[in-house]
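**Q** Residue numbers (full-length UniProt numbering), protein chains in the order written: chain A, 1 to 470; chain B, 1 to 470.
Just so you know, not all the hints are guaranteed correct.
Same chains, same label: a pair holds when it works inside one copy or across any pair of copies.
Said to hold, decoys possible - Dumping the calculated DSS-like pairs for lysine-lysine here, alpha-carbon to alpha-carbon at most 25 Å:
#, residue 1, residue 2
1, Lys436, Lys368
2, Lys145, Lys217
3, Lys302, Lys227
4, Lys165, Lys227
5, Lys275, Lys145
It should be emphasised that the hints constitute simulated quantities derived from the structure, not laboratory data.
2 protein chains.
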Amino acid sequence: MPDFNALTPALLVQLEAIVGPAHVATAQRVPAEEYATYGQDHTEDLHFAPDVVLTPGTPEEISEIMRLCHAARVPVTARGAGTGLSGGALPVHHGVVLRMARFNKILQIDERNLQATVEPGVVTEAFQNAVQAVGLFYPPDPASKGSCFLGGNLSQSSGGPKAVKYGVTKDYVLNLQVVLPTGEIIWTGANTLKNATGYNITQLMVGSEGTLGIVTKAVFRLLPYPKQNILMLVPFRQEAQAAEAVSAVFRAGIVPSGMEFMEREAIAWSSDYLKIPLTLPEDIKAHLLIELDGQDLEYLYKEAEQVYEVLERYDVGEILLADTATQKDELWRIRRNIGNSVRYNSVYKEEDTVVPRAELPALLAGVKEIGARYGFKTVCYGHAGDGNLHVNIIRGDLDDEKWNVGLREPISEIFRLCVRLGGTISGEHGIGLVQKGYIGIALPDINLNLMRGIKQVFDPHGIMNPGKIF
Amino acid sequence: MPDFNALTPALLVQLEAIVGPAHVATAQRVPAEEYATYGQDHTEDLHFAPDVVLTPGTPEEISEIMRLCHAARVPVTARGAGTGLSGGALPVHHGVVLRMARFNKILQIDERNLQATVEPGVVTEAFQNAVQAVGLFYPPDPASKGSCFLGGNLSQSSGGPKAVKYGVTKDYVLNLQVVLPTGEIIWTGANTLKNATGYNITQLMVGSEGTLGIVTKAVFRLLPYPKQNILMLVPFRQEAQAAEAVSAVFRAGIVPSGMEFMEREAIAWSSDYLKIPLTLPEDIKAHLLIELDGQDLEYLYKEAEQVYEVLERYDVGEILLADTATQKDELWRIRRNIGNSVRYNSVYKEEDTVVPRAELPALLAGVKEIGARYGFKTVCYGHAGDGNLHVNIIRGDLDDEKWNVGLREPISEIFRLCVRLGGTISGEHGIGLVQKGYIGIALPDINLNLMRGIKQVFDPHGIMNPGKIF
Numbered sequence: 001m002p003d004f005n006a007l008t009p010a011l012l013v014q015l016e017a018i019v020g021p022a023h024v025a026t027a028q029r030v031p032a033e034e035y036a037t038y039g040q041d042h043t044e045d046l047h048f049a050p051d052v053v054l055t056p057g058t059p060e061e062i063s064e065i066m067r068l069c070h071a072a073r074v075p076v077t078a079r080g081a082g083t084g085l086s087g088g089a090l091p092v093h094h095g096v097v098l099r100m101a102r103f104n105k106i107l108q109i110d111e112r113n114l115q116a117t118v119e120p121g122v123v124t125e126a127f128q129n130a131v132q133a134v135g136l137f138y139p140p141d142p143a144s145k146g147s148c149f150l151g152g153n154l155s156q157s158s159g160g161p162k163a164v165k166y167g168v169t170k171d172y173v174l175n176l177q178v179v180l181p182t183g184e185i186i187w188t189g190a191n192t193l194k195n196a197t198g199y200n201i202t203q204l205m206v207g208s209e210g211t212l213g214i215v216t217k218a219v220f221r222l223l224p225y226p227k228q229n230i231l232m233l234v235p236f237r238q239e240a241q242a243a244e245a246v247s248a249v250f251r252a253g254i255v256p257s258g259m260e261f262m263e264r265e266a267i268a269w270s271s272d273y274l275k276i277p278l279t280l281p282e283d284i285k286a287h288l289l290i291e292l293d294g295q296d297l298e299y300l301y302k303e304a305e306q307v308y309e310v311l312e313r314y315d316v317g318e319i320l321l322a323d324t325a326t327q328k329d330e331l332w333r334i335r336r337n338i339g340n341s342v343r344y345n346s347v348y349k350e351e352d353t354v355v356p357r358a359e360l361p362a363l364l365a366g367v368k369e370i371g372a373r374y375g376f377k378t379v380c381y382g383h384a385g386d387g388n389l390h391v392n393i394i395r396g397d398l399d400d401e402k403w404n405v406g407l408r409e410p411i412s413e414i415f416r417l418c419v420r421l422g423g424t425i426s427g428e429h430g431i432g433l434v435q436k437g438y439i440g441i442a443l444p445d446i447n448l449n450l451m452r453g454i455k456q457v458f459d460p461h462g463i464m465n466p467g468k469i470f
Numbered sequence: 001m002p003d004f005n006a007l008t009p010a011l012l013v014q015l016e017a018i019v020g021p022a023h024v025a026t027a028q029r030v031p032a033e034e035y036a037t038y039g040q041d042h043t044e045d046l047h048f049a050p051d052v053v054l055t056p057g058t059p060e061e062i063s064e065i066m067r068l069c070h071a072a073r074v075p076v077t078a079r080g081a082g083t084g085l086s087g088g089a090l091p092v093h094h095g096v097v098l099r100m101a102r103f104n105k106i107l108q109i110d111e112r113n114l115q116a117t118v119e120p121g122v123v124t125e126a127f128q129n130a131v132q133a134v135g136l137f138y139p140p141d142p143a144s145k146g147s148c149f150l151g152g153n154l155s156q157s158s159g160g161p162k163a164v165k166y167g168v169t170k171d172y173v174l175n176l177q178v179v180l181p182t183g184e185i186i187w188t189g190a191n192t193l194k195n196a197t198g199y200n201i202t203q204l205m206v207g208s209e210g211t212l213g214i215v216t217k218a219v220f221r222l223l224p225y226p227k228q229n230i231l232m233l234v235p236f237r238q239e240a241q242a243a244e245a246v247s248a249v250f251r252a253g254i255v256p257s258g259m260e261f262m263e264r265e266a267i268a269w270s271s272d273y274l275k276i277p278l279t280l281p282e283d284i285k286a287h288l289l290i291e292l293d294g295q296d297l298e299y300l301y302k303e304a305e306q307v308y309e310v311l312e313r314y315d316v317g318e319i320l321l322a323d324t325a326t327q328k329d330e331l332w333r334i335r336r337n338i339g340n341s342v343r344y345n346s347v348y349k350e351e352d353t354v355v356p357r358a359e360l361p362a363l364l365a366g367v368k369e370i371g372a373r374y375g376f377k378t379v380c381y382g383h384a385g386d387g388n389l390h391v392n393i394i395r396g397d398l399d400d401e402k403w404n405v406g407l408r409e410p411i412s413e414i415f416r417l418c419v420r421l422g423g424t425i426s427g428e429h430g431i432g433l434v435q436k437g438y439i440g441i442a443l444p445d446i447n448l449n450l451m452r453g454i455k456q457v458f459d460p461h462g463i464m465n466p467g468k469i470f
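This is chain A alone, in the form it adopts within the complex (with noise of 0.2 Å):
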């Protein structure tokens, strides 16, 4: 563990030189409920307060804070919108917390590359709406994303629905702009779809949770928007069969936009928490929801009868297509909003398991399985095309005992059975602080010394968003 200073008045003075006191934020400056918030993400009930929240203007800004902070050995923290699911933001050993709020440009939207230059701060659907206009994509889209920055989007390598067809933000990243912790600004690779030149440094840094260095600009490639689409909610009677089914339909040679599993208490949650009256028949015990995409309707229509043809061979209920802009607009909301709908009914610890798509039934029924022994209920949904279940466990009535220490038996029986089927702790949610207790499950030491060897290479003196990961 690296030693830490506390903020001097000395070294806020110069840090306030360098932003101006507009965006310099204490909590003696302003309102209480105010600060607590840079002190906060989206993970369960934490709260860390920073001893100052800094709001830069420019990476050569963001350098100079660096500097200082490097050489005064105080830790700094970047933080995005807030929504991140692990407490990778959360500025665990206090010092400085760098809000990315200003960096809120699209610098450049390149047609003939298909190619866009961004500021971190930019919120992803934004992002995404500004490159449609000109019929262009950018798949990633986490269920946060009309408020997350896509700045925790590369600290995370988020994904979201789409992931299951065209990938996680990882696989859109061409070059970064990053102010390393000891202050140098860097461009990581080169604006091309090909690189071979030197180590992956460009992808050592997507997912490295704020840890190696802070993204000040990104370069992402763009598909052309795929102009058609078919949706369609899929009722099941059995959860296993339903995660069962995810796999059948790649088997068919079928590659959906979206493959959505969700069990009977996340559609029926989320739709009572944003007032969509949806009718579950009793004996429904999980929906898929499927998307398809594509440039020709006709050839999407051919692609869902396969689909059908798959489905046939299960358990289904009366399957719902959506017919209208609007239809398929309230199932994704649905979708969206589970997270929303579980943090509304109960505090939860959200994990984010993921393993093999084939897998996914053994999953379930094991994380059940556990549930039931342990006295703990859990809410599941989640990316069932790329096996990554979100598992939701409810705090309900459980008293503070068991939900600060007894759980931490049981979600780690969660993570090994992910281990043994071939998966891993974390599929988009990122270690950060919460998972940290539980890495060793996926990675041994000789793993995580190389990780500890890396970040030392990057960030000497540890000061850069210290207590996560590992």
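Got chain A; can you put chain B on it based on the hints?
**A** Leaving out everything else, chain B in the frame of chain A:
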């Protein structure tokens, strides 16, 4: 520069005990001609003799070899099929060459999860054929796919014609078993489509040119095999227009599965070399080979019509639409054998330039201008959809001085042009030995020092494929 030791007779005895005498080759034990092949690859006419060539059979044997060589500070260079174009497999500091030829098994094709586990000595095309036999698709297809090894593809993140739609080797790797330079055996990740569990060691290994460890198993993701394709050969009267048309096709919303550029001489040399007759009217200066693929032929014809509409804007000759499997095969063989035909005609240096695809006309014009100014001839071809242009500098009657020294400045000019256009100095061949002197054009010291630091973490004695990249 680390200090290396030569192989001692005592160490040779120990190494022989590990792999068995049948799997040890030295200059004394095998014919000179055979031994010479282990010091060469497809890069120019370079040759470096190893002290010993070992052909291990298991990761555990490699682990023992690495422990001994690490302790003795003897260099180790892994060797695939020796088809590399940047000298990555050349044992420039002598020592041990590890031939991976016995790692030639496809261990599992997992049809449930669309994944396969393979050893690195499997020939790329053999793997493609094996998965195709069960309806699956492994897209990366370097020109040498009939002889190159998957391990070599991993070390350079090889691409090929299909990269434009399907990405390169790195995009298919889920997990790697690696023997570290210090002898430990690790898995880098998990067998999942998504993974946000610590730093991306998998992608750090891919493209690291055998300098960080030795891949002993790889888990690849697969796709459903696209059953249909359309292939067209489009002749252009102006080279620049061929390069411009590439971008226009993408902007029309089409993502071809191949989009290859061949200047006149490239296609002429290759068809001569293969003795495939091809009509080449006097006024044709370049060709695009465009492939569309998918599951539905009817839809592909719609797309082809859209491609024709785009091409009508340019000064093109008669488009050849390949209408039999044989004709398609011939066209692809011509494209794939350009490198061989150039090698057959003359000693050459190949520069693996890459730029954002719309900058291809500027790159091509620049290369020709530089060639004219310095007095050398180039034959250019490559993956236009990726902006990846292979520039072959033909030795012809250049004298030794001009060939060995005089080309440094014009090659530097070509690479500086790539970087100015947003590109870099290698798209898919790697830096290896021959581009090492130019890497500073693409990456400043701060980037290179990060890479050196990472190398030091993995390989404290620097014995793993020394003398490459930086």
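**Q** Give a verdict on every hint.
**A** Now the hints, each set against the structure:
{"no.": "1", "hint": "Lys436 <-> Lys368", "in the structure": "within (23 Å within a copy, 55 Å between copies)"}
{"no.": "2", "hint": "Lys145 <-> Lys217", "in the structure": "within (19 Å within a copy, 37 Å between copies)"}
{"no.": "3", "hint": "Lys302 <-> Lys227", "in the structure": "both (16 Å within a copy, 15 Å between copies)"}
{"no.": "4", "hint": "Lys165 <-> Lys227", "in the structure": "both (15 Å within a copy, 18 Å between copies)"}
{"no.": "5", "hint": "Lys275 <-> Lys145", "in the structure": "within (21 Å within a copy, 56 Å between copies)"}
In terms of the numbered hints stated before, the structure departs from none.
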